[in-house]
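For reference, the chains in residue letters:
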Amino acid sequence: MTVAHSTGSPRRFKLSRLSTGSLQLNVGLVIFTILLLALIGQALFMPASALDGDLPSRLKGPGYQGHVFGTDQLGRDLLFRVLGGLPWSLGIAGLATLILASIGTVLGLIAAWYTNFIRTIVLLFISTVIAFPFLVLALVAVAIIGRGFWPITLTLGLIAWPVVARVIYAEGRGVLTREYVLAARLFGVSKWSILFVHVLPGIRPTILVMGAFLFAVMLILESALSFLGLGAPLNAPSWGNMLSDSRQYLVNAPWMMLVPAGAIVSAVISLNLIGDGVAEISRKRARAVEA
Amino acid sequence: MAEPSGGVHVTDVTKNSVGAKSEPNELVQPDIAGGSRGDEIIIPVYWNIARTLGKRLVELAFLLFVISTVLFFALRLTGDPAAVLAGETGDAEQLALIRAQYGLDKPIIIQYLIFLGKVAVLDFGTSLANAQDALGLVLERLPTSFTLVIIAFSANLIVAIPLGAWLGGRPDQRLRKGASTMVFIAQGIPGYITGLILIQIFAVELRWLPSIGNQGPLSWLMPAFTLASFQAPQVIRVISANVAEAMREDYIRTARANGAGFQTLLWRHALKNAMLGATALIGTQVAFLLSGSIITEVIFAWPGLGRLLVTSVQTLDFPVVQAAVFMISIFVYTAITLTDIVFLFIDPRLRRQRA
Chain A
1 MTVAHSTGSP RRFKLSRLST GSLQLNVGLV IFTILLLALI GQALFMPASA
51 LDGDLPSRLK GPGYQGHVFG TDQLGRDLLF RVLGGLPWSL GIAGLATLIL
101 ASIGTVLGLI AAWYTNFIRT IVLLFISTVI AFPFLVLALV AVAIIGRGFW
151 PITLTLGLIA WPVVARVIYA EGRGVLTREY VLAARLFGVS KWSILFVHVL
201 PGIRPTILVM GAFLFAVMLI LESALSFLGL GAPLNAPSWG NMLSDSRQYL
251 VNAPWMMLVP AGAIVSAVIS LNLIGDGVAE ISRKRARAVE A
Chain P
1001 MAEPSGGVHV TDVTKNSVGA KSEPNELVQP DIAGGSRGDE IIIPVYWNIA
1051 RTLGKRLVEL AFLLFVISTV LFFALRLTGD PAAVLAGETG DAEQLALIRA
1101 QYGLDKPIII QYLIFLGKVA VLDFGTSLAN AQDALGLVLE RLPTSFTLVI
1151 IAFSANLIVA IPLGAWLGGR PDQRLRKGAS TMVFIAQGIP GYITGLILIQ
1201 IFAVELRWLP SIGNQGPLSW LMPAFTLASF QAPQVIRVIS ANVAEAMRED
1251 YIRTARANGA GFQTLLWRHA LKNAMLGATA LIGTQVAFLL SGSIITEVIF
1301 AWPGLGRLLV TSVQTLDFPV VQAAVFMISI FVYTAITLTD IVFLFIDPRL
1351 RRQRA
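Residue numbers (the numbering used here), protein chains in the order written: chain A, 1 to 291; chain P, 1001 to 1355.
Derived by calculation from the structure, the hints in this document are not laboratory data.
As the structure is a computational prediction, the values presented were derived from the model and not from experiment.
Backbone N, C-alpha and C define an ideal beta-carbon position, used for all residues, glycine too.
One should not assume that every hint holds.
Said to hold, decoys possible - With the Cβ distance kept under 8 Å, some of the chain P side facing chain A (calculated, not the full set):
id, residue
1, Q1314
2, L1316
3, V1332
Said to hold, decoys possible - Calculated from the model, a selection of chain P residues having no Cβ within reach of chain A, i.e. all distances over 10 Å:
id, residue
4, E1059
5, A1131
6, R1248
7, G1292
Chain P with its partners taken away, still in its complex shape (with noise of 0.2 Å):
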């Protein structure tokens, strides 16, 4: 048969220092490498972690070499960069200089290995619009947006993994009913929607909060709550599922019957074990938050790097919109690896591999 697939996972542990696995993931989020399947042997953390941590770093590492790659071409393609760099007053001269300044004279394969060179030690070049370093505006940004997104996220925990498990322990509740449907809509209701009604009603109609820019605390509610809003319902439907699928497997009526109450039941061990598929979600919301980020920041006109993302791409600053595009990469590909990671700690299927 073509469909080896016990050999596959031989070989695989025998490349495994490489980091490049070719088994794929499959339809949870971070690899589950063996089942219940045949002989297991367990396979220490540490070596799950370098694993993880070197698949994670190709995948980067390839995800910024096209990225690059595609915005070196584009902008060739696009038009004359020595125009674009010379703005709308440039002539003749002025461009000639600028095409020495930059080595746009010289053949376009030198100049794609050059500027790769430049991109691998992180040297983007100077914003087109106000000729500061491309890399530092945007990490200069990154702690605003951090600010809202931990804000956000831990709101978005706060909230959702109590009242999931709530609506999971006894879903067919009339008034738990009433409430999933409510978190049905709230899913359909996209986080731009979510954040000029806010607007309209609290700075607005009640002018309690201000509707723009950071000014401490109290500004900090609004773009929360909008960034929030839109990831809370899915961790909400999964967690609620999960616990109710939870509540009705055999170990929950063993523990039933030794005497455990509701309470104890759903808290303790429901959740528990609902808390393991809701990580690969809430892992790859992290990833998300700074692209949702994107839209709060332009709303509630927050200086963060998703404001500073959009107004380059607006006006065509390509050395910044690349270093934020870099940033972002490095970030979201933090998270998954955290996900992972913390995944092998707490899944110990994940330690066992057939042998």
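So that you can see chain A by itself, here it is in the shape it has in the complex (with noise of 0.2 Å):
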């Protein structure tokens, strides 16, 4: 935007200005960010030969030899292996959140809207496979379509949407009754506009900390089929194999449970903190608003 910086001199960069008011939001904020920037610096500057196993070197522990983490039971090294595995737990919850987000997101609105059987059909849906748990469902897509990144990422975000579509439906009925839908009614404003210009911007905080909560439990869920065996392929550094591979060399090497699970509670935490600090933000906006 050219008229923001009409005062001319450039104005020197704070850190606090980056502040968002909440603690919780602010530390989990930092925490994804460094996971983030993990993440795209491995995909770039990241060689595949890091990855490789070297025998000699195995199961030795942390700092051994430059292994700032130690090495598993092929001698790889886990701070490689665990940078690995951020394609594979924040790769896939992501796309799997924002799949089931726009989903949830576009059917809650549509049952929000109409009052005939579309509303019917969407509920009972919703209502059926809410209860159901995911873990169970992602069992069975797995046992049909298979293992990987993109079945896993698409099973996760195909059955999770319902969760997200309730909510939504529930605050869009809500916003559709405000005065300046009924206003945008009158002007003759289409449905899909109303919707998604108008009602949409509304229920965004909900959207926000709902997806927040929702990554968290897609890296869950995602870690926990690999753990099973049923999720990304056997020789993938994902967090979940990791885990999964610990489990025969906990007498000699707990560090190889240790470092995937330090890294997954870290992602779960700093998404949950990031989840209460929005909640906790738009609630206190909305206190402000009817005080």
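Two chains, two separate frames, one set of hints: put the complex together.
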């Protein structure tokens, strides 16, 4: 925006200006940004050979010959494996969250708009699928469509959208009764434009909060599937695979378990912090509007 | 307006007996039918129970139908089921024999109808792995899984409810703030990590507890704790938030003015109200216990339904997968229906409906 810079002298960059006013959100965003930068960094700079094993230095503890986090049962460097696992965890979970948030939002809004059989069908579908444990559905889906990056992404994205749809439906119905929506209707604005231009911004905080929490849930599910041997291919550096490998070496090499466990926990906690933080901020704003 | 909120309700009441309710659950799990708007009538509890049962039965039937259909066609899309049934050793002669035996030579629509008919009477066929009855295999594993689920669930409630109330009573106290942070962190640790850490500490380092299988009460501790550890933080957080909220309400102030002490306010008045909100969460958790137990059972080599499901998915043993998924669906729907019914009894607002 050129208008914003019309005052001339460029203002000095201050870190505090990035702060969001919520400690939780700040901490969560910092951890998550580090993970994202690591994801991009490993994609750009990490050579494929970094994941190779070196049998003589197998099962060595952290710090051995420059292996910061130690090595696994094939002598592979655990730091590089954890980094290599980022696309499997953050990548799959992020894409799945995008898919489920989009489907959930669109179907939730559609159900909120129509009062006829379309709503009935969408709601029946939502309340049927929502009650069913994700992991069981994911297992069935994996049995059918197999393993690998895209099958898992699609499976996770396609099973969890009812959670979003239900909440968006409830909120959407509330927003649809607002006066500005009524005004838009009276002006003859089309339903799609009402739903996606006028209603959608009103429920954005909800989508953000749910997105953050479901991102974490998807990450846990992906690792769970890999842990069960039904997710990423067996030699892929997915965090769930690493945990699964570590089970046989808990006695000799506990770091094999602690490294991927730490990665999963920090990613999940950062997302929970972000979700909590956004929820807190939007609650505060809502209270400020009421007051 | 396209939003005739009153009209929907009126038509709704008339078709209640069918059970196919068109009005949605809002944010809360069970359906709170009315608000306090307008004239209200008190509906008898049994009427609501019948309606809830009907609605859940329709959903369950729909879910089971969809899952069977998907599994049926998926098995045929992904390959030749006769080849799957025959295993690696099957030659052409054997394949033809199997096709005739399982009716795979008939047109696919006929096969589908026969299949649906069998599923309707819970006949899933025999396991491809060991030729045992698939449903029998699943039923055999159920008690072992239930042991785990029941212990974990009780542990969850016994710890989470008092802890949540304690945290919510004075949320700004430093000690409780610290405890809340611990709960928040615990919420971010998936069950399979908790399980592995427990094994590392109590089985590998200290050698106090057995890490594998079902060998009596001592071997129940770690799996049950693992299963409860992922659900308890959620309950604690919801109860503490609800208690904290309730402590600011007018009725608490009235009770305080009447001379009630802090402990009475907290445990008798605030907690009671907070449990209402928490019951919805606890109900969904019961439903998710079986899925949580899948991973727990694998980690601790617990001979339950979850491990059976994982093994049969790994070996593509579709009859057993289907029988297991059916049993889990029935369990899940029983759990949420019971939650709905519990709600009808504990929340007097649900007995009212706009006339």
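Going through the hints against the structure:
no.	hint	result
1	Q1314	holds (7 Å)
2	L1316	holds (6 Å)
3	V1332	holds (6 Å)
4	E1059	violated (5 Å)
5	A1131	holds (20 Å)
6	R1248	holds (13 Å)
7	G1292	violated (8 Å)
Violation of the numbered hints given earlier is confined to hints 4, 7; the remaining hints are satisfied by the structure.
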